[in-house]
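Turn these sequences into a full structure, and let the hints steer you where they fit.
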Amino acid sequence: MIEYFLEAFGDMRVGWAAVVITAIIFLAKIYKKIEEYFSNKAIAEKEKNDRIQEVIDQAKQYPVWHKQSIEIRENLNGLIGDLDKKIDKLQCTSDEGTAYMWRYRILRFDDEIRHDEKHTKEHFDQILEDITQYEKYCAAHPEFPNNKAVFAIKNIKNVYQRCTEEGTFL
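At position 63 of the sequence shown (counting the first as 1) the number is 145 in the numbering used here, and the numbers step up by one without a gap.
Keep in mind that the hints are not guaranteed to be accurate.
[Said to hold, decoys possible] No farther apart than 30 Å at their CA atoms in a straight line, the calculated lysine-lysine pairs in the DSSO-like style are these:
1. K236 - K218
2. K142 - K123
3. K239 - K203
4. K142 - K128
5. K200 - K218
6. K130 - K142
7. K230 - K171
8. K111 - K123
[As the list claims (entries may be wrong)] Computed spacing ranges between beta-carbons, pair by pair:
9. C174 - I152: 26 to 36 Å
10. Y144 - Y182: 53 to 63 Å
11. I103 - Q143: 51 to 61 Å
12. M183 - K239: 18 to 28 Å
13. L161 - I125: 48 to 58 Å
14. K203 - P224: 29 to 39 Å
15. Y113 - H148: 51 to 61 Å
16. K111 - H148: 49 to 59 Å
17. H197 - N229: 15 to 25 Å
Quick caveat, the hints were computed from the structure, so don't treat them as lab data. Fair warning: this is a prediction, and the values are worked out from it, not measured in the lab. Where is the CB? At the ideal position from N, CA and C, for every residue including glycine.
Next up, the structure:
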């Protein structure tokens with residue numbers, strides 16, 4: 083075996099041996115650098131592919147998310163519709179309460195003038211404004227009981243007319 087070695091490398095000198103050994107060491111180091119480069123490149127490529135796969139997986143979830151979004155929107159629309167109904171009901175209750183207040187003030191004012199209490203023109207003007215608003219409300223809401231102030235309104239308007247003609251406001 084040594085014979086083959088000597089036959090192949092026998093006429094080489096130390097200088098050539100040093101060059102060959104240096105070349106082998108150089109090639110080994112180059113191999114390590116190339117291996118490290120391709121290893122890092124493979125890792126970076128894998129990370130890139132993982133990120134792409136993550137985006138693809140998320141894109142696959144879009145129909146599910148879209149369906150959830152529609153369900154949430156429909157639920158919110160239902161809740162908003164319920165709130166609208168409650169607000170409308172509350173507004174109706176408030177408006178009805180205001181109509182009762184107008185009627186109370188009209189009846190109270192009528193009682194006062196039936197007991198011969200004198201009032202200023204401004205007070206009459208205010209109660210006539212209440213009468214106007216009350217009558218508008220009653221016209222817009224026929225279900226509201228209106229027959230309770232009809233004679234009081236007529237009396238207030240008659241007394242107002244008489245006070246205007248005679249100048250007998252307070």
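For each hint, the structure was consulted:
no.: 1; hint: K236 - K218; in the structure: holds (16 Å)
no.: 2; hint: K142 - K123; in the structure: holds (28 Å)
no.: 3; hint: K239 - K203; in the structure: holds (12 Å)
no.: 4; hint: K142 - K128; in the structure: holds (21 Å)
no.: 5; hint: K200 - K218; in the structure: holds (27 Å)
no.: 6; hint: K130 - K142; in the structure: holds (18 Å)
no.: 7; hint: K230 - K171; in the structure: holds (24 Å)
no.: 8; hint: K111 - K123; in the structure: holds (18 Å)
no.: 9; hint: C174 - I152: 26 to 36 Å; in the structure: holds (33 Å)
no.: 10; hint: Y144 - Y182: 53 to 63 Å; in the structure: holds (56 Å)
no.: 11; hint: I103 - Q143: 51 to 61 Å; in the structure: holds (60 Å)
no.: 12; hint: M183 - K239: 18 to 28 Å; in the structure: holds (20 Å)
no.: 13; hint: L161 - I125: 48 to 58 Å; in the structure: holds (50 Å)
no.: 14; hint: K203 - P224: 29 to 39 Å; in the structure: holds (33 Å)
no.: 15; hint: Y113 - H148: 51 to 61 Å; in the structure: holds (52 Å)
no.: 16; hint: K111 - H148: 49 to 59 Å; in the structure: holds (56 Å)
no.: 17; hint: H197 - N229: 15 to 25 Å; in the structure: holds (23 Å)
Checked against the numbered hints given earlier, the structure satisfies every one of them.
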